[in-house]
Structure formats: structure tokens, C-alpha cells
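**Student:** Taken in sequence, the protein lines are chains C and L. Just so we're aligned, residue 1 is where the first sequence starts under my numbering, counting upward by one. Just so we're aligned, residue 1 is where the second sequence starts under my numbering, counting upward by one.
Each hint can be trusted.
Restricting the straight-line Cα-Cα distance to at most 27 Å, the calculated cross-link-like pairs of lysine-lysine (BS3-like) are:
1. Lys223(C) with Lys252(C)
2. Lys161(C) with Lys217(L)
3. Lys129(L) with Lys116(L)
4. Lys106(L) with Lys263(C)
Just so you know, the hints here were simulated from the structure itself, not pulled from any lab data. Computed from a predicted model, the values in this text were never measured in an experiment.
Number of protein chains: 2
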Amino acid sequence: MEMPKAWIISIGNEVVDGRVVNTNASWLGRKLTLLGFNVLRVISVPDVEDEIIDVIRDAIRRKIDVIITTGGLGPTYDDKTSECLAKALNTEWVLNEEALEMVKEKYLRRGLPLTKHREKMAMMPKSSKPIPNPVGTAPGIFIEVNNTMIFALPGVPSEMKAMFEEYVEPILKEKVPKLEIVEETIRVEGIPESTLAPILDKILSKYSRLYIKSHPKGEELGKPVIDIYVKVSSHDRKEAEETLLDVIKSLKEELRKLGGRIK
Amino acid sequence: MEMPKAWIISIGNEVVDGRVVNTNASWLGRKLTLLGFNVLRVISVPDVEDEIIDVIRDAIRRKIDVIITTGGLGPTYDDKTSECLAKALNTEWVLNEEALEMVKEKYLRRGLPLTKHREKMAMMPKSSKPIPNPVGTAPGIFIEVNNTMIFALPGVPSEMKAMFEEYVEPILKEKVPKLEIVEETIRVEGIPESTLAPILDKILSKYSRLYIKSHPKGEELGKPVIDIYVKVSSHDRKEAEETLLDVIKSLKEELRKLGGRIK
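Just chain C, same shape as in the assembly (with noise of 0.2 Å):
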């Protein structure tokens, strides 16, 4: 059976800038794969209506399964995330009766009135799905094309881990049939990358949903180092362990005829 396919879309001016590093994505790209998604692409893009909007269509255009998006979701004039995904869906742009309750709860409980700025983070692409947020005051929105489910949600960490745990991730288990990984890294010393590649090919061949990559590590004492990172996936959790355990043994027989130093 094919794994679903994940698109992580980034969006604000800040995240494609360097300002800050996209903390986010790599949160959303592990908790996806775990979850037995197979993520397919992680895009930022600034803050810039055109491009969110091609970004999205283009996910939807290929049939992606999730698309998970973060930021934009806030009450200033470049947060546009939703109004870009009621355009990119053809859809109206609409005030959501239950994400406007979440909102006014969150200022009326502090004594502020609900002005325009903190309305529009009430409006929604029609036939949507408000997401509590239960750190801040944006609601996210879970809406479904198609066969392709859309979450946005802010892009703050503390809020968007928060609604991810509980509201997103529930109804992916759901969907998804549970995959089980198993996962090491061995470190190696003493062993070029150009050396190793033959090897890990010879091993790779043997096995099937075997995923082996070398990361070098630079050097110690002159000597290279390298982390070799292990990955077996199945639907059988057993399986998947037997699996590894193979592999680690041979790689490691392999690495020492080698005069490698396993760390």
C-alpha cells in the first residue's frame, strides 16, 4: 500500500528571509512521518497573496493527501492565510459563526471589545472547520477538497504544537493505516564517505523498505566521521524490528572489515 503524501507550507515574509529558522516544519515533517505520512515537500513563501495561493492549488492540483500550512493567521494586514485559501479553493471568504464565539470568548473573558482587526480572524473559507486554539487567540482552519484535507494553523510553536497534538493529529490517526518505524545511527570513524557508498549499496540492495543515509560529520584527529542513519518502515511492527537488526549487524561486519571504529 502507498504511504499519503504530506506538503508542509511555511508562510510568512520572516521564514523566507532568514529571519527565523523553520522550526515548525522540521516539528510538523517528524510528527507527519511517525504518523506514516510520506512528506513530499516543505515550501515557505513570504507573505505574498499570489504566491500562497499557486502554492496551494498546486498541492491540491496533485492530489497531495494533507497539506499542513503555518502562520498568517493573525489579526494585522499581512496575515492572509485564510483569505488566500478561500481564493486558491474558489470559495467565499465568510465570517464563521463558531470560529467568531471562539474569538469573542478569548477577548470578552479580558475585557476588550471585538473590533474589525479581531473579527477578521473569525472569517474563514465557507464550509470550514474552526480549530480551538487553546495557547492563543487565532482559531486554525480544517477544511476538506476533494480528497485533500487542509489544516491551517498559526505560526507561532507554542499554539501551532498545541492544536496539532490535539485536534490535527487524532484525525490523521484516523485516516491513515498506523505504520510502524524503526529507526538507529550508527557513527563511524576512520571510513571515507566514497568508501562507504559501495557498501551501503550492496546492503540496500538486500532489503526492501530499507532507508540508509551517510551524514559526514567532519573530521576527528584527521580521521572522518560519519553518522549512518537506519530506517525501516512496516505495517508489522515485529517485522520491522527483525528487520533493523539484520541490517545493523551486517553494516556493522562490514564497516569493521573496513577498519572502521564503531562509536
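For this one, chain C is given, so just place chain L on it according to the hints.
**Tutor:** What follows is chain L alone, placed relative to chain C:
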């Protein structure tokens, strides 16, 4: 004059599945922005041929001025950037003699033979210029197609940064009319972002080439804390600096009127 456009493309399973945080992209985004480029998209794709080819073709079709890729230049089976670049450009993938000399020199110095896997690092799209790697082994690739300049750099941050600064940056500086960018961040306590929004709108409407963005930073003792980032760009440094002073002055006045505490 319109600013030249840039895309950053990060290649590697470890980036999309969240095993690493993409600090390469933020470092490059900052560099390109301060050089005067408009970074329109940052895209990470896995080591999957179709995905890599597709995203490179997309950038060329959109007439992006500069594309920087990172990752996928090493000797292992899943390092596919160079070959995919040739396919995306419909160009032959050939042994580059200049690159071969660079690779040879690295290994012969260490007393290691030139294997097939090592030679692979000298394979490049026809008409490429290899970029010397002062830190590691794999050369980078520079190729121009119509009016798009493509630079393929390694994913190891120390190699990528050295090659960008020594080789890529000087080429970009010649192509771009220098843009002066001045920026400042003000931290204000005690004003909710939604109260801030109309103030920022008002100031923005008075200046061209001004960019303002509020970033909520949580709460302190029950009071919202927000960073307000202000950026002014101009081809004239003095003008940019004077505008920034003006904006910061009006902004602080407005914040104090609202009872905000500037930190």
C-alpha cells in the same frame, strides 16, 4: 527597479522528514535578502528524482533569477542533485574535467584511489563550471540557463557557507544593484496584537519601501509581549536610515499613547 528573484531548494530526506532543522535555508535566505534579492520560495524535497527535477523546472519556467540548491552532491546512491539538474535542463550529464582534477587531488593527497563512487562527484550537466570546495570533497556546480543562474552546493553547512562566500557571493554582487536595507526590532509590552494592527496599518500607509511585522512573543505577568520588526530598503543608504528613524519615532509615540511599555 524590481528586485531580482531567488529560490532556495534544499534536497534531502532528512530535511523533509524533520531529522534536521533547515538552518542552511535560513542562512542563505538572510544572505540573499541582504544582497538585494527577493526570496520568493524556499522548497525542501526528498531524494526523489521526480520531485527534484520538477522543482528545478518550475523555477526556470517562472524565470527566477537565481536558484541555490543545497544537498545531494556526495558520492552515495541517493545523491542525485547533479544528475537531476542535467535531466531538468535536458542537458547531457558528463564527466567535467576541471571537477575531476579537483576530486582527484583531494583523494590522491590522502593516498586513496579514484573509485567509481568518487568519480561520480565530477559528473555534471554539460557546460557547468565546478565550484571549488575548500572544506570537503564534492565540488559545487554553477550553470546558467537563459537568464537563470543555478548554483548547486553541498548540504554540509561548513562546506556550503565557505563555497557561497568565496565563490557565489562575488558573482551575485556583480549582477545585483546594491540595495541598502536597514532594520530594527522594538519590543513592546501590554498591547494585544489586535490593538496594534490598526496602528501598523496607519504607519505603513505613509511610506513606500517600508515593511512592518508584529511577532507575538507570549505573555509576561499576564501582559502580552510583542516584537515589532521594521525594515526599510532603498538604493540610497542615507534615505533608508532617515526613513527608519522617522518610522521608529512615530511608532513609539503611538505605542506610548496606547499605554504600551517599550523595552
